Each structure stands twice: as structure tokens, then as C-alpha cells.
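Participant: This is what each chain is made of:
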Amino acid sequence: MKRSASVIGLTVNGVRHELAVEPRRLLVDCLRDDLGLTGTHIGCEHGVCGTCTVLVDGETVRSCLMLAVQADGASITTVEGLAPDGALHPLQQAFREAQGLQCGFCTPGMLLLAWELLRDNASPSEAEIRAAISANLCRCTGYQGIVEAVQLAAERHAVPAAAAR
Amino acid sequence: MATRTWIGKDVPRLEDPRLLTGRANYTDDVRLPGMAHAAVLRSPQAHARIVRIDTSRARALPGVFAVITGEDAKELSNPLPAFCAEPVVEYALAVDKVRYAGEAVAAVAAVDRYTAEDAAALIDVEYEALPVLTDPMEAMKPGAPKVHDNLPGNLVFEKTMSFGDVAGGFAAAHRVIRRRLRWHRASAQPLETAGAVCRFNPASGRMDVWSNTNMINYVGWLVAGTLKVAPSKLSINPMDVGGSFGSKHVLGKVIAIAAMLARRTGRAVKFMEDRVDNLTACENLACDRYYDVELAVAADGTFTGLRIKVVDDYGAYFQFGHGTHGNALAQATGPYRIPGFEYTVQCVLTNKCQQGVFRGAGSDANNFALERLVDAAAQELGLDRVEIRRRNFIQPDAFPFKMPAGNIYDSGDYPKVLDQALTMAGWNELRKMQAEARAQGRLVGIGLATAQQRSVYGPTEFWFWYDTPGLTSVPESVGLSLGPTGEFIVTMFSPFWGNSPETVVAQVLGEELGIDPATVTVTYEDSLHGLPSAGPGGSRMTVMLTGAVVGAARKLKEKMARIAAHLLEAAPEDIVFGAGGASVRGVPNKAVGYADLGLKAYWFKLDLPAGMESGLEARHTYDHPYLTPPSADRKDLGAFYPMMGHGAHIPVVEVNPETGQVRILRYVAVHDVGTIVNPRSLRGQIAGGIAQGIGMALYEQVLYDAGGQPLTASFMDYLLPTAQEVPRIEIGHVETPSPFTEYGVKGGGEGGRMIAPAALASAVEDALAPLGVTIDELPMTPERLATLVEAAVSHPAHIL
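Heads up: the sequence lines are chains R and U, in that order. Here the first sequence stands for residues 1 to 165, numbered as in this note's numbering. Here the second sequence stands for residues 166 to 965, numbered as in this note's numbering.
Just so you know, these hints were derived from the structure itself, not from any lab. Predicted model, so just to flag it, every value in this text is computed and none were measured. Where is the CB? At the ideal position from N, CA and C, for every residue including glycine. Careful, some of the hints might be misleading.
[To be verified] The list that follows gives simulated cross-link-like pairs (lysine to any residue, SDA-like), each with its CA atoms no further than 20 Å apart:
1) U:Lys262 to U:Glu291
2) U:Lys174 to R:Ala98
3) U:Lys174 to R:Glu97
4) U:Lys262 to U:Pro209
5) U:Lys239 to U:Asn315
6) U:Lys174 to R:Arg96
7) U:Lys800 to U:Lys262
8) U:Lys174 to R:Glu148
9) U:Lys722 to U:Asp739
10) U:Lys581 to U:Pro565
11) U:Lys474 to U:Glu323
12) U:Lys567 to U:Arg555
[Said to hold, decoys possible] Which residues of chain R face chain U? A few of them, derived with a C-beta cut under 8 Å, are:
13) His46
14) Val48
15) Cys49
16) Thr51
17) Val79
18) Pro108
19) Gln144
Could you build the full structure based on these sequences and the hints that come with them?
Facilitator: Below, the structure is given as C-alpha cells:
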């Protein structure tokens, strides 16, 4: 069967792209395969694990549950956008110091989840941190290092409150 | 203890920057020119003969390069590697019949994954249904329909092994404690699924593989056989691995599917499992056991004998054979003095996806069974749970200790670990708090488990079941060089599988040379350039890499000392090494920096001692530090898992009797895994392992219905714990160095998951003690607990 492609415009990590995608193409495949941004990972492809989390117009989205055509005109931040020049963002630095990661596979999604949390709540309680990051799964750390990393990042004001707006 | 500069320090991980910035290189990140993408058609039937497969509609779809079935698999591949002697044959695509729902029947390579999945949906398969076997007790009966027609039956292996005076221990017993226990099937479920990219060059016969398999140099030659390529033409590239937990040892199925399609299409082909593939058809399903266990005890609570009878439901194939039972034998009697024990295993094949390996590897289940018995003994004898353990612990002066099966426990101080856990938890205060809670009608329980965490396996565990011997090597190697600009590079031959091998390597090299680990570069080699390396598994890598780096560093230091001595006009034995380079002992200004040493070694031949070859490189292969063979009569299995860690866990829980929900109020864990290399990394291993143990105890279970249909094929049904279910873990350490390893290191990768299920069962049983409920089965789901509570309340006769 023939499938028509739609032309969409995306701004990803500040760079404007125009590309033709099939209507059924997932945003995560568009980011990874069409734009070569492989920092966003695929964990379950059914919206549970949150590994593929990115920011779409400042809000966390599971990019395996969103079609690329739905993101037409949107501004997207992936993990590559947190540290464009390779130096660690203060949030990433906090994850490193508190060992908020082991295998690294869930890490990009966790970082963006934490980024959204700290933007909206500069000094979250442990319960608030746990509630926020329970949106995503990590199979390595037992979450303890992640919770401590977010606490450390909050102490250091690693994420400016108005950064995304 | 010697003062150490880097070992024992919270050094920031070398692995982190690439992982944190999205610049790692996982298997799914591999992109090659012209690469095709694969999808697999899986059987909807649990047991059926394949009558006919029509692939014509799939082949006709634009963008499809190739479609292959079991018939092609017979031509393009050999059966998958298996660690057993029994002739259980498995191809990557089912040949003639399917043996579980989810088994791969056909595979497609197409221009993209979407097209490949479209094509897979166009393959028509006609099945002739066969009787489905899901209950191992039924499957092992004589005359049951057979999962494999070439085998005599579904009871693929059966053996009793007896060690020490078991009959005497039971004859002398004051009482025999008996339990029937159920250890259900769980799945490792790393967030990265298994996958492979394969590229075949028909002109050279070379197959290049990029895959998250862990054992690239251990089983590479076996995988070559499966792929029908010469081992000298098979390059398996080490990838960053997004979690394994034992589940990515071989990955023969995914590699073979990608490789067969690569041969057929003449293109590079990527096959990444999706989550459904991974949950229904991977190599990460753990043991599935039915235990009948007996502990003989004297009147004072002394253990005098142990009998373990276990039926293990393996599913359709026998990939790792009875290795997970060999694993359990290494510490079957736990931290206790039990003079003799008997172990009977029955391995049964059924119509389910086959077992692989998951963190704990069979010792997790044995810990659960033994600790359930110890709690039961305390209860039946009216002894305190702490006291009965103290009375039976192997004492600190008894090491190295030979346990009845012949395995050696290298070192330990179990009373000290227990005391520290009790102190951290505030055991007596907890008891008071519990009494107050009970007075208010709240069901609060305090758990206790004191259990072993063996590390650094020997390969004899795979074959001491048979009369004929098998492999006896499990080496690990590194390469080490000092370049002409003074930079140290360590090369590993096993991949990054999700924790901190690069950091360990850098810390040990830092310790050996006095240099900052942050300055060390760690790199990896593919299997064509590999030195002997068995890869991660059995909590071995920290011990083995430490040994390999120490060996390589000492070789390199010998050569550097000769060059430095020559340049500084001193004797090589007077040369010492530090952060900046080499100097003459006691004369710090007579020194030469690493950059100068490197430069001379590579490019100033005339400045080198006469006859020395250029370059500064060392390679070292570290063999298992303490492996002895089993006796011919198998009454003594030898030392095969001797680096014996230990842990004591004390969780505090509250059970809601109405809903059956368990809330973890606190969790204390004290571990002794010898000398700690990186405390923060170890803490992550312990907390992460306990999180998986919480999953095992409360949520995770791989389920099939009576027709063999998988009921847990998504994360909606197979429940992994989130940050809301895993509490803050209070972690303590005791360090009893191993006498057998460099720096006294033991492995600590599995203890959290090996001990937590037993500890949580103990806690929930303690919470429900007022109702007389015993916990014999996991997971303790709300439904199961609510049912137990209801039964206890409506049949008060059950209350003790």
C-alpha cells in the first residue's frame, strides 16, 4: 500500500527542521532516525517506562506515544539540548555526583523529568521528587541516587525556574 | 590495613559523561549505510505443528528485502549455543513446530521497521494445535505429550546429590521443619531490550556484529558455529549495554536473526526486540521452582541437616541447563553450620519461553527457601529469629570454611554484619514500636534475612552434574599501555554492561601507579582482537578486572622501571612510581615523567636499554583465583564460587489486612563484600538489587494462562517497582577482605536481589503473625495477602 508523507516543521534543541514523515511515524523514531538524535532511547514503546521522554513546548512527553505529525510546529528539547557543547549541565553534574544513573539508558528521560520538576518546583520535598520521577522506570539504581541527584540539583538551583518559558 | 589512595574512594564514574549527555553508543544507535530493519512474526500458539507458511504476500510488499522462516534457519544457521549436554535443540526461528507462544516463526528485513512489521503481518501460517503443557507436575508424568519429540520425556534432567551425613543429621534431630515453597518466575527486564546489527561480507566471509551480548569473547566461538562463520571471521563489537542483570549473556536468537537476514539481503540488518519480544521470547526469564524443604534441628536450635527437593519449570528449552542449580549449591547451606545436605533437582520442559539467567541465578531462590526454613524453625521451637541465627552462624575464626558440598567460603564475619544491621535498625525499639502498633490493631512486621552472596563463579557449576568433565577456565584480561605522550590506556575485552567497569579499572590502576583515575582512558576491543575474557556474570567483574589490571600494571611497571633506571642511572629495583612518573627511591629529584618515559619508549630507541623492544604495553589474563576440581564421585564439588559475600537485611512493613497492600516503612541492609573499591557504585548495586528484590517479593511475576498464553507481555502487566514503591534503603558495610583476590575484593552485584525477597517474606509473615499466616509463596500481591488474611480470619483454627 502507498502511504503519503506530510511535511512538518520541528524546532529541536533550537535548530529548525523541515521534513516529510508518514502520518504514523512516532516522534521518537523521527528524532532518532530522521534527525540522528539517538540520546532519546526507546524502552517499551507503550508509554509506561518513560525512557523516551522529551520536552515538547516545555512539557514532558513520551515520544513513543506521540506522532511526529502531532509535533508539527513544536519546540522540542532532547537530552542533547541540555548540554549542547558537551560540558555537563548542572543538572547532569548533580546526577553524576549523586550517582543518579548506572547503565544510563533511562537517564535522558529522567533528566528531562527532573528538569521539568525543578522548573515548576524549586525546592521539592523527597515525596514530591519520588512522585515526579515515578513517572519513569529505572531498573538499575533503586531510585535512591536519582532522588539524591534531584535534591542536590535543587540545592544548587541547577534549573532556573523560568528556563522553559 | 594499608593506606590506599584510590581504592575505597567515591571516584566519579568514568562512564558517566557520555551516558548523561546522550552520547553513549547502544546497539539501537548503530546506523550503517544501506542498513535494513528486521521484525519478527511470533507464534500465537503455545504448542503447534507448523503445517505451512506462505510468505508471498510479505515478499511482494514494496520495501521488503527478505523473509525467512525455520526452513531458512536450518540452511543459514546451526542450533543456538546451550550450556547443557542434553540434546535440546533450538533454532532462532522455529523449525517444524512451535513450543511456546511468542516463539519466532519468521523474520523480515525491510527498508524500515514499519515496513518490516507490515510485512510480518502479511505472513500466513497454518498451525496444527498440539496439547499444551503449562504445569510442570503434569508435564513430567510418563506419557505426557512431549515438548521435544527427540527426548524421552519432559523431565529433561533429574539428579540427587548428597553431601555429608544427611541421614545421621536427620536421625538425631529433635524436630524436622518442613515447608512447601514456591519461587515464581520473574524477568530481568533491563530497560534496553536485546538486539543486534549484523553485516556479512560474502567475499571475505566476515560477519560483523554489533550487539548488547555480554560474553563476546567467552561464547563468540560458539555463536560463530550458530552463524556458520569461522570464528576468525566473526567480529562481535562491544556496545554500551542498557542494563543486563544476567539477561544478555549470549543473545543467540537476536544475533542469529539479524545475521541470517544479513546473509540473505547482502545488507547490514538491525534487529532490536520490542518490549513484547523481550517479555515473551528473550533469555531473561528466571527460575521457576517448587520446593519441598526440610531442616533438621536439635532441641537447642542447632541445625543438623538439610534436604532440598526442587522441581524447576524451564519452559521450552534448556539454554543454561542446570547451571542455576549448580549456582545454588555453592551456598545451599547459607551462613550456617549444617553438617550435611541433600539436593534433588528435577528440570522439566513445558510450553513457555525458556529460562535464562537473572541476577541471583538460582541462589536467590535457595536463599529464600533456606531463610523461610530458619524463620519456621525459630517459630516452631519458640526461639528468637536473631538467636537461632547466632547459634548456627559459621564463626569468624572458621574461615576459609569448607561447606558440605566442597565449596569454600573465603572469609566473613556474620555476627558482626548482623550486629551492625540490628544496631542500624534499632531492633529493640522496633519491637516496641511493633507492639504499640499491634495494640492499635495495625499489622506491622519486622523482617530478618541473613544470607550469602557468592561471587566469581567457576565453570564447573555447569558440568559437575555429569560424570564427564567440562570447561575449567573463566579468565578476564586487560591490555595496558603508556602512550608516547604519557597517557595510560586500558583496554577491556568485556563490554560495559551497565555499571562501573571503567571506573574500577581506573581506580585500580590509580592505586598501582599513584596516578589520578580521572586521567586514565578505558577502551574496548572487539572479539577478533580479544584476549580471554568471560564477561560479566556471577558478580565477577570487579574481582576479575582488579586482578587483571594489577597483573598488567606490574608487568608495565617492570618495563618502565628498566627504562627509568637506564635514564636515571639507577637500579630498576630502586625505581618507584607516583602521580608524575618514576623516580629513584629516596631521591625524588632524580625523576622522569610518564610523558618522557612514553616518548622514549616509542620513539627514542637509542635511549632504551640494549635489546629492549620499543613501546610500552602489557597484557594480562587473570584466571579464577581459587578454583579446584570436583572429586570423581562428586561428593566434593571443589571450590567453585569461593568469594563469599554476606548480608543482613531488616525491612519493616505494614500490611493493610483489608486490601492486602504492603507498605515498606524502613529498609536496613548491611553487606560484606570484602574490600570496597567504589562505595558509591556499590551502594547503587545494593539499592538497585533490593529494588529488584522488592519487585520479586511484591509485584513481578511472569504468568501464562492454562493454554500457554503469556499474560504479562507488557509493562502494564509485568509490574516493575517505581520510585514510589522503593523506599530509601539504609545501607551499611562490613569489610572482611578475601584472602584469595587482589586487594581482598569480592563481588557485590547480586546480594540486594538475592536477600531482599527472603527478608520481605519474613517481614510480611511477622506482620501477619497475629493471624497465624505463613508466607510460602511470592509475590505477595494484594490479592494473595488479602486472601490469606481472609482465610485466617474465617478459619481461626489456623491461628497458632
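Participant: Evaluate each hint against the coordinates.
Facilitator: Do the hints match the structure? See the list:
Distance check on the hinted pair: Lys262 of chain U and Glu291 of chain U sit about 11 Å apart at the alpha-carbon level, within 20 Å; holds. Pair hint Lys174 of chain U plus Ala98 of chain R holds up; C-alpha atoms about 14 Å apart against a cutoff of 20 Å. With a C-alpha separation of about 13 Å, the suggested pair Lys174 of chain U and Glu97 of chain R falls inside the 20 Å cut-off, and the hint holds. A distance of roughly 12 Å separates the Cα atoms of Lys262 of chain U and Pro209 of chain U; the hinted pair therefore holds under the 20 Å criterion.
Straight-line distance between C-alpha atoms of Lys239 of chain U and Asn315 of chain U comes to about 17 Å, which keeps the hinted pair within the 20 Å bound. Between the alpha carbons of Lys174 of chain U and Arg96 of chain R the distance comes to roughly 15 Å, so the proposed pair stays at or under 20 Å and holds. For a cut-off of 20 Å, the pair hint linking Lys800 of chain U to Lys262 of chain U is broken: about 41 Å separates their Cα positions. At roughly 19 Å between alpha-carbon atoms, Lys174 of chain U and Glu148 of chain R fall within 20 Å of each other, so this suggested pair holds.
In summary, the hint linking Lys722 of chain U to Asp739 of chain U is supported, as the alpha carbons are separated by about 12 Å, within the 20 Å threshold. At roughly 17 Å between alpha-carbon atoms, Lys581 of chain U and Pro565 of chain U fall within 20 Å of each other, so this suggested pair holds. Between Lys474 of chain U and Glu323 of chain U the CA atoms are separated by roughly 11 Å; this keeps the pair inside 20 Å, and the hint holds. A hinted pair counts as satisfied when its Cα atoms are at most 20 Å apart, and Lys567 of chain U with Arg555 of chain U qualifies at roughly 19 Å.
Contact between His46 of chain R and chain U, as hinted, is supported at the beta carbon level, the nearest pair being about 6 Å apart and thus within 8 Å. Among the interface hints, the one on Val48 of chain R holds; its C-beta lies about 4 Å from the nearest C-beta in chain U, closer than the 8 Å criterion. Using the Cβ-Cβ criterion of 8 Å, the hint placing Cys49 of chain R at the interface with chain U is satisfied: the shortest such distance is roughly 6 Å. Interface restraint check: Thr51 of chain R against chain U, minimum CB-CB distance 5 Å, threshold 8 Å, status holds.
At about 4 Å, the closest approach between the beta carbon of Val79 of chain R and any beta carbon in chain U falls short of 8 Å, and the interface hint on this residue holds. Of the supplied interface hints, the one on Pro108 of chain R holds, with its beta-carbon coming within about 5 Å of a beta-carbon of chain U, less than 8 Å. For Gln144 of chain R, the suggested interface contact is upheld, since its CB lies about 5 Å from the closest CB of chain U, less than 8 Å.
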